[in-house]
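Novice: In order, the protein sequences belong to chains Z and C. Start counting at 1 in the first sequence, then tack on 16, and there's your number in the numbering used here. Start counting at 1 in the second sequence, then tack on 1, and there's your number in the numbering used here.
One thing to keep in mind: the hints can contain errors.
To be verified - If you anchor each label on the Cβ, the simulated ranges turn out as follows: (1) M31(Z) / A18(C): 40 to 50 angstroms; (2) E34(Z) / A18(C): 48 to 58 angstroms; (3) G55(C) / Q96(Z): 41 to 51 angstroms; (4) R38(Z) / S27(C): 32 to 42 angstroms; (5) G55(C) / S82(Z): 35 to 45 angstroms; (6) R25(Z) / A18(C): 27 to 37 angstroms; (7) S27(C) / E78(Z): 21 to 31 angstroms.
To be verified - Here are the simulated DSBU-like pairs of lysine-lysine, each with C-alpha atoms no more than 35 angstroms apart in a straight line: (8) K92(C) / K80(C); (9) K92(C) / K94(Z); (10) K84(Z) / K94(Z); (11) K40(Z) / K99(C); (12) K46(C) / K99(C); (13) K43(C) / K40(Z); (14) K99(C) / K43(C); (15) K99(C) / K80(C); (16) K84(Z) / K43(C); (17) K40(Z) / K92(C); (18) K46(C) / K80(C); (19) K46(C) / K94(Z); (20) K3(C) / K43(C); (21) K80(C) / K43(C); (22) K40(Z) / K3(C); (23) K99(C) / K84(Z); (24) K46(C) / K84(Z); (25) K92(C) / K43(C); (26) K80(C) / K111(C); (27) K94(Z) / K99(C); (28) K40(Z) / K46(C); (29) K46(C) / K111(C); (30) K46(C) / K92(C); (31) K92(C) / K3(C); (32) K92(C) / K84(Z); (33) K3(C) / K84(Z); (34) K94(Z) / K43(C); (35) K94(Z) / K3(C).
No lab work stands behind these hints: they were computed from the structure. All figures in this text were calculated on a predicted structure; none of them were measured in a lab. We treat Cβ as the ideally placed atom computed from N, Cα and C, and that holds for glycine.
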Amino acid sequence: DAGVIQSPRHEVTEMGQEVTLRCKPISGHNSLFWYRQTMMRGLELLIYFNNNVPIDDSGMPEDRFSAKMPNASFSTLKIQPSEPRDSAVYFCASSFLAGGEGEQYFGPGTRLTVT
Amino acid sequence: RKEVEQDPGPFNVPEGATVAFNCTYSNSASQSFFWYRQDCRKEPKLLMSVYSSGNEDGRFTAQLNRASQYISLLIRDSKLSDSATYLCVVKTNTGGFKTIFGAGTRLFVKA
Numbered sequence: 017d018a019g020v021i022q023s024p025r026h027e028v029t030e031m032g033q034e035v036t037l038r039c040k041p042i043s044g045h046n047s048l049f050w051y052r053q054t055m056m057r058g059l060e061l062l063i064y065f066n067n068n069v070p071i072d073d074s075g076m077p078e079d080r081f082s083a084k085m086p087n088a089s090f091s092t093l094k095i096q097p098s099e100p101r102d103s104a105v106y107f108c109a110s111s112f113l114a115g116g117e118g119e120q121y122f123g124p125g126t127r128l129t130v131t
Numbered sequence: 002r003k004e005v006e007q008d009p010g011p012f013n014v015p016e017g018a019t020v021a022f023n024c025t026y027s028n029s030a031s032q033s034f035f036w037y038r039q040d041c042r043k044e045p046k047l048l049m050s051v052y053s054s055g056n057e058d059g060r061f062t063a064q065l066n067r068a069s070q071y072i073s074l075l076i077r078d079s080k081l082s083d084s085a086t087y088l089c090v091v092k093t094n095t096g097g098f099k100t101i102f103g104a105g106t107r108l109f110v111k112a
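For reference, chain Z alone in the conformation it holds in the complex (with noise of 0.2 angstroms):
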């Protein structure tokens, strides 16, 4: 199995340009979240979709932050525009149980770095 494939691995950009992480969930999972890593506030669950569709985005910071799942094999995580507070570790992670309730398999993250 490929596991979770996340693109870029490491992204380095300018404070107010756009920003977009891609995330290949597992072949067959219907559960796909996004996550943020930081020194401060540890991992938060940015997004999480059942079947394509967004279930719970409350931990969506603000608007400057969109996700979207137009199949079941890709996602996407935007920012736009971006900010140095958005610097952190970006991970996908999918899982096979609907809900979430099953084991979450995580991508290797991207680390994104806003000057």
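Here the structure of chain Z is known, so what remains is to put chain C in place on it, guided by the hints.
Specialist: Just chain C now, with coordinates in the frame of chain Z:
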């Protein structure tokens, strides 16, 4: 009060030692509990689920105490390779599943 709290550590223990971590949660309606392990600059990976009856996997034992709202992880005969951050995870069904990770407990096992 945070919904899921862990002692951040670090715990510094010699090889062969037994070490235990606790994690407390605030929502009594929480339903599912897990321990994840995260190595430095890597993604979190499931270590084990935590069941009401307690469960064991080799040197690792996890327990749940619903009355006191905490879960624990015991590592026996620590190995150098056990050095990592251990994350407590609590899931609550609030119409959709809410997943909360603890901030993690860092463990260093020394030779």
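Novice: Would the pair K40(Z) and K46(C) pass a check requiring their Cα atoms to be no farther apart than 35 angstroms?
Specialist: holds (17 angstroms)
Novice: Does K99(C) sit within 35 angstroms of K46(C), going by the straight-line distance between their CA atoms?
Specialist: holds (18 angstroms)
Novice: Look at the Cβ atoms of R38(Z) and S27(C) and judge whether their distance stays inside 32 to 42 angstroms.
Specialist: holds (35 angstroms)
Novice: Are the Cα atoms of K94(Z) and K99(C) separated by 35 angstroms or less?
Specialist: With a Cα-Cα distance of about 22 angstroms, the restraint between K94(Z) and K99(C) holds, given a limit of 35 angstroms.
Novice: Would the pair K92(C) and K3(C) pass a check requiring their Cα atoms to be no farther apart than 35 angstroms?
Specialist: holds (14 angstroms)
Novice: Hinted pair, alpha-carbon criterion (35 angstroms max): K40(Z), K3(C). Please report holds or violated.
Specialist: holds (32 angstroms)
Novice: Could you grab the alpha-carbon distance between K43(C) and K40(Z) and see if it respects the 35 angstroms cut-off?
Specialist: holds (18 angstroms)
Novice: Just to be careful, I want the Cα atoms of K92(C) and K94(Z) compared with a cutoff of 35 angstroms; is the pair within it?
Specialist: holds (26 angstroms)
Novice: Return holds or violated for the Cβ distance of G55(C) and Q96(Z) against the range 41 to 51 angstroms.
Specialist: Between G55(C) and Q96(Z), where Cβ atoms are some 47 angstroms apart, the hint holds.
Novice: With a cut-off of 35 angstroms on the C-alpha distance, tell me whether K46(C) and K111(C) pass.
Specialist: holds (22 angstroms)
Novice: Could you grab the alpha-carbon distance between K46(C) and K92(C) and see if it respects the 35 angstroms cut-off?
Specialist: holds (16 angstroms)
Novice: Can you confirm whether the C-alpha distance between K84(Z) and K43(C) stays at or below 35 angstroms?
Specialist: holds (25 angstroms)
This entry satisfies every hint, going by the numbered hints stated previously.
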